[in-house]
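Asker: Heads up: the sequence lines are chains C and U, in that order.
Be aware that the first sequence starts at 492, since it is given in our numbering, and climbs by one per residue.
Be aware that the second sequence starts at 3, since it is given in our numbering, and climbs by one per residue.
Hints in this document: simulated from the structure, not taken from any laboratory.
Careful: at least some of the hints might be erroneous.
Claimed, not checked - Covered, in the sense of this in silico footprint (three residues per stretch, anywhere, with C-beta under 8 Å from a C-beta of chain C), are these stretches of chain U: (1) 28-34; (2) 40-47; (3) 50-56; (4) 84-92.
Keep in mind the model is a prediction, meaning the values are calculated, not measured.
From the three backbone atoms N, C-alpha and C, an ideal C-beta is built for every residue, glycine too.
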Amino acid sequence: MSPTLTDASPVLTDITGRADGVDVLERGRSIAQTYGIPLAVLLEMTHRCPLQCGYCSNPVQMERAGNELTTDEWKKILTELAQIGVLQVHFSGGEPTVRKDLAELIRHATDAGLYTNLITSAVLFTRDKLAELADAGLAHIQISFQANDATLANRIGGFKNGHARKLEAAKWARELGLPLTVNAVMHRQNLHELPEMIDLAVALDADRMEVANVQYYGWALKNRTALMPTEAQVDEANRVVEAARERLHGIMEIDYVVPDYYATRPKKCMGGWGRQFFNITPSGKILPCHAAETITDLDFLSVRSNHSIAWIWANSDAFNKYRGTGWMPEPCQSCAFKEVDFGGCRCQAFALTGDAGNTDPACSLSPHHNRVFKTAEVESAEGSNRYLYRNFSGGTLEPDGGYDA
Amino acid sequence: MDGDDIPKTATAPAARRRMTVSEASVPTLPRGARLRYDESRGRWVLLVPERVLAPDDIAIEILKLCDGKRSVGSIADELAAKYTAPREEILLDVIAMLQDLAESGFLVEAAGGPI
Numbered sequence: 492m493s494p495t496l497t498d499a500s501p502v503l504t505d506i507t508g509r510a511d512g513v514d515v516l517e518r519g520r521s522i523a524q525t526y527g528i529p530l531a532v533l534l535e536m537t538h539r540c541p542l543q544c545g546y547c548s549n550p551v552q553m554e555r556a557g558n559e560l561t562t563d564e565w566k567k568i569l570t571e572l573a574q575i576g577v578l579q580v581h582f583s584g585g586e587p588t589v590r591k592d593l594a595e596l597i598r599h600a601t602d603a604g605l606y607t608n609l610i611t612s613a614v615l616f617t618r619d620k621l622a623e624l625a626d627a628g629l630a631h632i633q634i635s636f637q638a639n640d641a642t643l644a645n646r647i648g649g650f651k652n653g654h655a656r657k658l659e660a661a662k663w664a665r666e667l668g669l670p671l672t673v674n675a676v677m678h679r680q681n682l683h684e685l686p687e688m689i690d691l692a693v694a695l696d697a698d699r700m701e702v703a704n705v706q707y708y709g710w711a712l713k714n715r716t717a718l719m720p721t722e723a724q725v726d727e728a729n730r731v732v733e734a735a736r737e738r739l740h741g742i743m744e745i746d747y748v749v750p751d752y753y754a755t756r757p758k759k760c761m762g763g764w765g766r767q768f769f770n771i772t773p774s775g776k777i778l779p780c781h782a783a784e785t786i787t788d789l790d791f792l793s794v795r796s797n798h799s800i801a802w803i804w805a806n807s808d809a810f811n812k813y814r815g816t817g818w819m820p821e822p823c824q825s826c827a828f829k830e831v832d833f834g835g836c837r838c839q840a841f842a843l844t845g846d847a848g849n850t851d852p853a854c855s856l857s858p859h860h861n862r863v864f865k866t867a868e869v870e871s872a873e874g875s876n877r878y879l880y881r882n883f884s885g886g887t888l889e890p891d892g893g894y895d896a
Numbered sequence: 003m004d005g006d007d008i009p010k011t012a013t014a015p016a017a018r019r020r021m022t023v024s025e026a027s028v029p030t031l032p033r034g035a036r037l038r039y040d041e042s043r044g045r046w047v048l049l050v051p052e053r054v055l056a057p058d059d060i061a062i063e064i065l066k067l068c069d070g071k072r073s074v075g076s077i078a079d080e081l082a083a084k085y086t087a088p089r090e091e092i093l094l095d096v097i098a099m100l101q102d103l104a105e106s107g108f109l110v111e112a113a114g115g116p117i
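Isolated chain C, as found in the complex (with noise of 0.2 Å):
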């Protein structure tokens, strides 16, 4: 799945797109007050997944397809998405087209009022089962891409042939008239291509693209050591991704999400925990970002208890637990950004310091950063390239000489 969801959950913008977000929301007084329900939600179908991709940032203890949801169960959570005023849902995963229910849902989800991105690493298709999602009424595909190169692209996602089946999706996509979204998540082994990477999605046609920088939970957590880019990569992919926006304007969006380990500022993770975004996973329970269950202490509530969907997003503990800025800690409580970043990030605060309640350790103000910057500078320098590669029983090591892509 997509980990670049982290800060990119949509919010209302103004008509170029270009204003920031909720403010549009929480101007008007309607809901100023309260925690709207969010426009978009991520779903998370599945945890099943052909590609096994070290970067992967769902929870290393992953769903079985016998806890998943029902297609039933699916849909009316749509119905219920849609009434309490959700306009857009990502169906993700795992690898949300491994359920053969997806058409149906995409086509409930549709008549229910509902805008429909599929987030996909395209590798099951074929021609007619994109064009029957396509004709159930998806609005818009986003397809991963592991690498430029071939060899490279397939060993990254431990898939043989992967990437040429992602090109010839990508063409079915525009052939149906379907938007496109190149999504590329970066790491030090594959940052070197990330021209070609923007190149590619030119050649592709996409109207979008997400350059995202591997945010380190659950998989990629544990892969760390064969991701971490160099602080001098990083600064690079800054001066190319500055670069293509300039010349690909109003040919190609980027959106782009920086790496923090090597920032100075946390970034405003989910946009706020609780504020703007939930998911559900693949067995229906509702987190306030699609990595909260590595934060291990907390109790999350599912769409197969008693409660709706609109009683756990504005009254559970989970949600509430880190809601706005009466939580925080110092540094947080008395710094001047407490309301822009809104402490950073909880899963990174517990996977780094083992408690989500301190300041997220990628702001140069917590007593934890000199730290985790160190590590990520030996890391980067020093790591293994081999990957763990992520699947259900709790990831294999690549082979010695490299995965025969």
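Model the placement of chain U on the given structure of chain C, informed by the hints.
Answerer: Structure of chain U alone, referenced to chain C:
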């Protein structure tokens, strides 16, 4: 976008399908852009890939007229009559707004419209 502004490296089809809005253009929303009324927030929204735009009242009125049948010129005629405002001024505003949308890929030339 003025044709001369397109960088030499931008040779992808995306560049070619971006429309240049003129008085003769017949604009319409592409598959990926959907205009709808959001009941729960009491406002019109334009839904586009992974984003929700909140156009102002004027923009909404213009977008509703982008039906793939009316030309930009006739949209300006209608608005000028409705608001008894100078047509030339309105035409320039309409073109500027629609060009912005077109450059984001949220507006296209209707089939059969001028190239």
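Asker: Give me the numbers of the hints this structure contradicts, sorted from smallest to largest.
Answerer: 4
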